[in-house]
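The sequence shown begins at 5 in this note's numbering and counts up by one.
Hint data in this document are derived by calculation from the structure and do not stem from the laboratory.
Note that beta-carbon positions come from the ideal geometry of N, C-alpha and C, so glycine has one too.
Be careful, since some hints might not be right.
As the list claims (entries may be wrong) - If you anchor each label on the Cβ, the simulated ranges turn out as follows:
#, residue 1, residue 2, range
1, Leu-38, Ile-71, 58 to 64 Å
2, Ser-94, Ala-114, 44 to 50 Å
3, Arg-23, Asp-61, 53 to 59 Å
4, Ile-120, Gln-83, 50 to 56 Å
5, Arg-84, Arg-60, 45 to 51 Å
6, Ala-41, Asp-9, 43 to 49 Å
7, Asp-61, Ala-41, 47 to 53 Å
8, Arg-93, Glu-69, 34 to 40 Å
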Amino acid sequence: MAEADERRTQLLADRDEAREATWRERALNAEDVLKAAHAEFFTQRTRIGELLGQVRDLEAEWTQEAIQRITTQNTTLKQRVRQLTADNRSFDERLKAARSNLRFQDRRIADLEAQITSSLGGA
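Whole structure, please, built from the sequences with the hints as guidance.
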């Protein structure tokens with residue numbers, strides 16, 4: 005009986021050690037993951053700081069006067085594009101009309117040539 009109690013106690017102790025080893029391993033893994041996460045946070049914060057610095061540098065290069073000038077130029081160019089688009093549409097319509105007139109004139113010339121040929125051939 006004492007031997008059974010001792011075996012039982014040993015079994016429980018072994019089971020406790022196994023559980024403790026599992027938890028110890030999990031804790032070590034969690035610490036490693038936490039260290040990696042902190043390193044990644046540091047890297048990302050550093051990169052964010054660098055990018056914010058670049059943004060500030062870019063903003064500093066543009067004065068309000070330069071921004072206004074570029075905005076005005078952009079508006080002017082947009083108006084010019086609209087005007088050129090309208091002109092292009094107008095020229096395209098005129099070209100279509102001229103081609104239509106040319107086709108009509110070609111048909112008219114062909115008809116007149118046919119009339120002349122038939123009147124010369126019949127005379």
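* Could you check the hint for me, namely that Arg-23 and Asp-61 are 53 to 59 Å apart, CB to CB? => holds, 57 Å
* Between Arg-84 and Arg-60, does the beta-carbon spacing fit 45 to 51 Å? -> Since the Cβ atoms of Arg-84 and Arg-60 sit about 34 Å apart, the hinted range of 45 to 51 Å is violated.
* **Assessment of proposed distance window 44 to 50 Å (beta carbons of Ser-94, Ala-114)** => violated, 31 Å
* Please test the hint of 47 to 53 Å on the beta carbon pair from Asp-61 and Ala-41. => violated, 30 Å
* Pairwise beta carbon distance, Arg-93 to Glu-69, judged against the given window 34 to 40 Å -> holds, 37 Å
* **C-beta pair Ile-120, Gln-83: status relative to the range 50 to 56 Å that was hinted** => Cβ of Ile-120 to Cβ of Gln-83: about 55 Å, so the range 50 to 56 Å holds.
* To do: Given the range 58 to 64 Å, decide if the beta-carbon distance of Leu-38 to Ile-71 lies inside it.
  => violated, 46 Å
* To do: Kindly confirm whether 43 to 49 Å is satisfied by the beta carbon distance between Ala-41 and Asp-9.
  => Because 47 Å falls inside the window, the suggested range holds.
When held up to the earlier numbered hints, the structure conflicts with 1, 2, 5 and 7 and fits the remainder.
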